[in-house]
Structure formats: C-alpha cells, structure tokens
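Visitor: Residue numbers for the sequence shown follow this note's numbering, beginning at 1185 and rising by one.
Think of the hints as simulated: they come from the structure by calculation, not from any bench.
Just to be clear, a hint being listed does not mean it is correct.
Stated by the list, open to error - Derived Cβ-Cβ restraints for the label pairs, each shown as a range: (1) 1206 <-> 1232: 21 to 27 Å; (2) 1204 <-> 1228: 24 to 30 Å; (3) 1198 <-> 1236: 26 to 32 Å; (4) 1209 <-> 1189: 26 to 32 Å; (5) 1236 <-> 1305: 28 to 34 Å; (6) 1202 <-> 1236: 34 to 40 Å; (7) 1202 <-> 1229: 26 to 32 Å; (8) 1239 <-> 1310: 39 to 45 Å; (9) 1316 <-> 1238: 52 to 58 Å; (10) 1216 <-> 1196: 28 to 34 Å; (11) 1356 <-> 1316: 18 to 24 Å; (12) 1190 <-> 1216: 45 to 51 Å; (13) 1359 <-> 1237: 31 to 37 Å.
Owing to the predicted nature of the structure, the values given are computational and were not obtained by experimental measurement.
Note that beta-carbon positions come from the ideal geometry of N, C-alpha and C, so glycine has one too.
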Amino acid sequence: WRLVSLRMVQFLHAISCRTVSLEEKAFTALGRLIGRRPWAVVFIASLTFLVPAPGVFFLKGEGRILGFPMDTDFMTTFALTDSKEYLQYKKAVGVFSDTRSIGLLEIPIGGRSPLSAELLRSAMATEATIAADIRATYHGQGVTFADVCARTSTGAPCTQMSAVSTLLGRGAQAEARLRDL
C-alpha cells in the first residue's frame, strides 16, 4: 500500500507542477498583452460588456398574476368595480404582507389552468387545514386562527380571508361559484 500511495503522491505532485507552470505561462502572456496594448484591452473589455446592453432595453416582462399578464387590466375590465371582491382587491394591491402572515403558493401541474375548479378547491382545502392546525398562546390564553386579525394598514378593517376565499366566498357560496367554472 505504501508503494501505491507514494506513486499516487508523485503523480498528483507532477500534475500540480504542470498546472502551476501552465497558469504562470498564461498569466504572464496576459500581463504582457495588457502591458503592451492597454487601450486595446480596455476597449475590448468595454465592448464585451456593452454589446448585450441594448437587449436589456427591449426585454419584455413576463410577470403574471393567476396566469394573467401583469400589464393587462384584467381586474378593471372583467370584474365588477363596485363588488366587494374588487374593493378588497384594490385595498390589497401594492401592500406588502406582514412578516407574520402565511403565504401559500399553489402551482398547477400538467398544463391545468390556475383558475380551474379542482385547483381552487385544493387551495381552499389547504387553507382550511392550515387554519384548523394553527394554535398559539398569547398572554396565557389560547389563540386560534379565527382570533388572528390582519390589517393592510393602520386603521384598516380586519381581514382574515385569503385571495381564494376573497374571490369565491366561503361555504355554499364558494361551491356555487366553483360549479359555474
């Protein structure tokens, strides 16, 4: 075993020496090039950096909310602007979520629509499970999900509803709307 390990060490040492030698040669050549033609190197480096820059100005945003492009007026065009859902949507737009809030992201698989009835039922069931499981103590008293109040800003009304229950409602109302999908 000693002979094998000695040969392995010699082999690795030889590779290391060759690598160092090649690196020294490459960086010496690069240093000479920069030393002899500094303006050409600066020009080429700047050009390499700036060539892809125009593409940044023509990039198209691909942000989507519930499968709809963000730059469309979906809520304004297709929602009733005096409905309770639209008013809650307008309250929630642009407000950062509290650090204590729970975010639930469901991504449809298999090419299904994010607004399909089965995905929305799944989201509602997941929310109900989470709401049933959350328990805490506050000043010695037991607190459940129903006791929690989230406010979008100081003085705003309490909201305990998710985006799905805001759009569909709860209970029989939600089931009726899901049947219509």
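Visitor: Does each hint hold? Answer for all of them.
Guide: Status of the hints after comparison with the structure:
| no. | hint | result |
| --- | --- | --- |
| 1 | 1206 <-> 1232: 21 to 27 Å | holds, 24 Å |
| 2 | 1204 <-> 1228: 24 to 30 Å | holds, 28 Å |
| 3 | 1198 <-> 1236: 26 to 32 Å | violated, 41 Å |
| 4 | 1209 <-> 1189: 26 to 32 Å | holds, 31 Å |
| 5 | 1236 <-> 1305: 28 to 34 Å | violated, 45 Å |
| 6 | 1202 <-> 1236: 34 to 40 Å | holds, 36 Å |
| 7 | 1202 <-> 1229: 26 to 32 Å | holds, 29 Å |
| 8 | 1239 <-> 1310: 39 to 45 Å | holds, 40 Å |
| 9 | 1316 <-> 1238: 52 to 58 Å | holds, 54 Å |
| 10 | 1216 <-> 1196: 28 to 34 Å | holds, 31 Å |
| 11 | 1356 <-> 1316: 18 to 24 Å | holds, 19 Å |
| 12 | 1190 <-> 1216: 45 to 51 Å | violated, 39 Å |
| 13 | 1359 <-> 1237: 31 to 37 Å | violated, 53 Å |
Going down the numbered hints, you'll see the structure goes against 3, 5, 12, 13, while the others check out.
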